[in-house]
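Protein chains in written order, with the working numbering: chain A, 115 to 470; chain B, 55 to 330.
Note that these hints are calculated values from the structure, not bench results.
Mixed in with the good hints, there may be bad ones.
Claimed, not checked - Derived list of chain B stretches under chain A, where covered just means 3 residues or more per stretch with a C-beta under 8 Å from a C-beta of chain A:
#: 1; segment: 118-126
#: 2; segment: 313-321
Claimed, not checked - Calculated cross-link-like contacts (lysine-lysine; reagent style DSBU-like; alpha-carbon spacing at most 35 Å):
#: 3; chain 1: A; residue 1: K219; chain 2: B; residue 2: K238
#: 4; chain 1: A; residue 1: K178; chain 2: B; residue 2: K107
#: 5; chain 1: B; residue 1: K238; chain 2: A; residue 2: K184
#: 6; chain 1: A; residue 1: K426; chain 2: A; residue 2: K449
#: 7; chain 1: A; residue 1: K446; chain 2: A; residue 2: K426
#: 8; chain 1: B; residue 1: K97; chain 2: A; residue 2: K120
#: 9; chain 1: B; residue 1: K148; chain 2: A; residue 2: K183
#: 10; chain 1: B; residue 1: K318; chain 2: B; residue 2: K107
#: 11; chain 1: B; residue 1: K142; chain 2: A; residue 2: K230
Heads up, the beta-carbon is just placed ideally off N, CA and C, and yes, glycines get one too.
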Amino acid sequence: MSIEVKNIYKKFGNFQALENLSLKVETGELLALLGPSGSGKTTLLRLVAGLDFLDQGQVLFGDKDAQDKKASERGVGFVFQHYALFRHMTVFDNIAFGMNVQPRKVRPSRHEIHSKVMELLKLVQLEWLADRYPWQLSGGQRQRIALARALAVRPRVLLLDEPFGSLDAQVRKELRMWLRRFHDESHITTLFVTHDQEEALEVADRIVVMNQGRIEQVGTPEDVYHSPVNAFVLNFLGNVNFFHCRLEEGKAIIGGTALDVPGLDVDKPHPAKLYVRPNQFKITRYAPKGSALKALVEYVNPAGTIVKINMKTETGERIYAEISQDEYKNLKIVKLEQVYVSLKDVTYSEHLHNIP
Amino acid sequence: MSQLNARTEPRFVRYFLITIALAFFALFLVLPLVCVFHNALSKGWVVYFDALKHPDAIAAMRMTLMTALVVVPMNLVFGVAAAWAISKFDFRGKGLLLSLIDLPLSVSPVIAGLIFILLFGAQGFLGPWLIAHNIRIVFAWPAIVLATLFVTVPMVARELIPIMKSQGTEEEEAALTLGASAWKTFWLVSVPNLRWGILYGVILCNARAMGEFGAVSVVSGHIRGLTNTMPLHVEILYNEYQSAAAFAVASLLAMLAIVTLIAKSIVEAHIRQGQK
Numbered sequence: 115m116s117i118e119v120k121n122i123y124k125k126f127g128n129f130q131a132l133e134n135l136s137l138k139v140e141t142g143e144l145l146a147l148l149g150p151s152g153s154g155k156t157t158l159l160r161l162v163a164g165l166d167f168l169d170q171g172q173v174l175f176g177d178k179d180a181q182d183k184k185a186s187e188r189g190v191g192f193v194f195q196h197y198a199l200f201r202h203m204t205v206f207d208n209i210a211f212g213m214n215v216q217p218r219k220v221r222p223s224r225h226e227i228h229s230k231v232m233e234l235l236k237l238v239q240l241e242w243l244a245d246r247y248p249w250q251l252s253g254g255q256r257q258r259i260a261l262a263r264a265l266a267v268r269p270r271v272l273l274l275d276e277p278f279g280s281l282d283a284q285v286r287k288e289l290r291m292w293l294r295r296f297h298d299e300s301h302i303t304t305l306f307v308t309h310d311q312e313e314a315l316e317v318a319d320r321i322v323v324m325n326q327g328r329i330e331q332v333g334t335p336e337d338v339y340h341s342p343v344n345a346f347v348l349n350f351l352g353n354v355n356f357f358h359c360r361l362e363e364g365k366a367i368i369g370g371t372a373l374d375v376p377g378l379d380v381d382k383p384h385p386a387k388l389y390v391r392p393n394q395f396k397i398t399r400y401a402p403k404g405s406a407l408k409a410l411v412e413y414v415n416p417a418g419t420i421v422k423i424n425m426k427t428e429t430g431e432r433i434y435a436e437i438s439q440d441e442y443k444n445l446k447i448v449k450l451e452q453v454y455v456s457l458k459d460v461t462y463s464e465h466l467h468n469i470p
Numbered sequence: 055m056s057q058l059n060a061r062t063e064p065r066f067v068r069y070f071l072i073t074i075a076l077a078f079f080a081l082f083l084v085l086p087l088v089c090v091f092h093n094a095l096s097k098g099w100v101v102y103f104d105a106l107k108h109p110d111a112i113a114a115m116r117m118t119l120m121t122a123l124v125v126v127p128m129n130l131v132f133g134v135a136a137a138w139a140i141s142k143f144d145f146r147g148k149g150l151l152l153s154l155i156d157l158p159l160s161v162s163p164v165i166a167g168l169i170f171i172l173l174f175g176a177q178g179f180l181g182p183w184l185i186a187h188n189i190r191i192v193f194a195w196p197a198i199v200l201a202t203l204f205v206t207v208p209m210v211a212r213e214l215i216p217i218m219k220s221q222g223t224e225e226e227e228a229a230l231t232l233g234a235s236a237w238k239t240f241w242l243v244s245v246p247n248l249r250w251g252i253l254y255g256v257i258l259c260n261a262r263a264m265g266e267f268g269a270v271s272v273v274s275g276h277i278r279g280l281t282n283t284m285p286l287h288v289e290i291l292y293n294e295y296q297s298a299a300a301f302a303v304a305s306l307l308a309m310l311a312i313v314t315l316i317a318k319s320i321v322e323a324h325i326r327q328g329q330k
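With the rest of the complex left out, here is chain A (with noise of 0.2 Å):
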């Protein structure tokens, strides 16, 4: 089932939450909404829930208007960032809730209901707390208790609240991997709010990045990540360091020195930001052929799978920068020690034309 918003405005108070948004979910897609928070990422997934009403615009399910029916004729699988569970009833009862308010008509009988709930016990990997209440249980348990629930009622979309937000890191990259392997079995069409971009890139097939109630870029992983259309998706996923400069014939002027830049063309000379991401500085213990910036090591961190290392250039600008451990084994630099930077490529540049 595909869900699609149309044109979609929603206010609360003065705050305008969602903006003339447009989106489709294809059927079967696990689609990340990733945003700062107050980017109307939650809203737009209440709304598509029926949780919420939105002031104009409209919300499909396939090709039908969804405006009309409740949340609870919706058909969607909800999951809360803080669980919420139902804290009087056991793990059992939670899960068969939605089964047992069904009308009597087609309702389960009561042999088919406990083992949907067992089977769905099974798939979350937590059969033996069938009896204990929601706070017996840690938060990781807690929350693929509650997408056992979710799923209790064959949700034809599921819908997840920033569903690892409150969860240790351990658990989180555990349970996102989990999502994702649950996902290319199930294929139910989901989506999913978050403000982790690391959760965002692992999991999602498709990524729409969410800024003041507007869609800044939507695509895969790799394109926003690699190709980001401004400065705000840059910035959003990942680190990077920008740079004030003056294009000139090819090369970057950055504080008195002229820098090689790959693939950037020039017409006539101007100012403009350079935003480069971690891996893209290229290190060296010896002024290169070409020119590069003369720096000094202030910090590194070699410490996991990449060396990080924090430089700042003679006129001041600081660079963050990530090598491989191969690399730092060949450049064997240590802290106060001076290295020339230059550039393996760029991010995103930013053209100033009209500022002299």
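Please arrange chain B on chain A, whose structure you already have, making use of the hints.
Below, chain B without anything else, positioned relative to chain A:
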């Protein structure tokens, strides 16, 4: 030593404060309670039970029970509705509703009684109309119910608002997305989450309804055997120098207080556990 920390007062200060607190309660609460039972039984069990078996006493008990029986359920419905509206929705006039719920706590019960006299009494605003239609409110059971209702309005709502606020609306929303109707969500999710809070409010409301004197005294008319409640009956007996009988009836109210206290502390323990 393990219990000591920077905030722990010296031992003599602690004992001093504890002694003062206990002495105060012994003097002003326990001693009077003992007195009530002592005086009630001062002329023996026969007089005690005779006082309770007296038709006027039984009529007063019936009046008190009938009043509580109507007032408590009404307050339960109103309290849940008001607490629900205040804690789960944003609307214009929310502050006003909150103040109105608190109003009976800040108004003297006698004033509360007078309001109903002024409204429904023979010289009152609606009096002539009521007399013309032969509807009797003041100096009868309806006025007692109204006055009691007025003073007990905050009891249930006040208990539920903080509990509902802390629980938020996510569980209800979860129930809705799982296909439950609003009705089923209310009964299967909201009410069970609130059951101890509701019980707590009902216990307090009941205690207040049965014990109310001021407001009821103004509107009841003190007609023996007809419009007397238990607290009013105690006063009448006492004014007639039947102190043993007065204390006998009073002892029933005292026992109600003790039962209320015990029930209250049990429920409080459950509420604390539920918030874990």
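Status of each hint after checking the structure:
no.	hint	result
1	118-126	violated (count 0)
2	313-321	violated (count 0)
3	K219/A with K238/B	16 Å, holds
4	K178/A with K107/B	73 Å, violated
5	K238/B with K184/A	14 Å, holds
6	K426/A with K449/A	11 Å, holds
7	K446/A with K426/A	18 Å, holds
8	K97/B with K120/A	85 Å, violated
9	K148/B with K183/A	29 Å, holds
10	K318/B with K107/B	29 Å, holds
11	K142/B with K230/A	33 Å, holds
Checked against the numbered hints above, the structure breaks hints 1, 2, 4, 8 and satisfies the rest.
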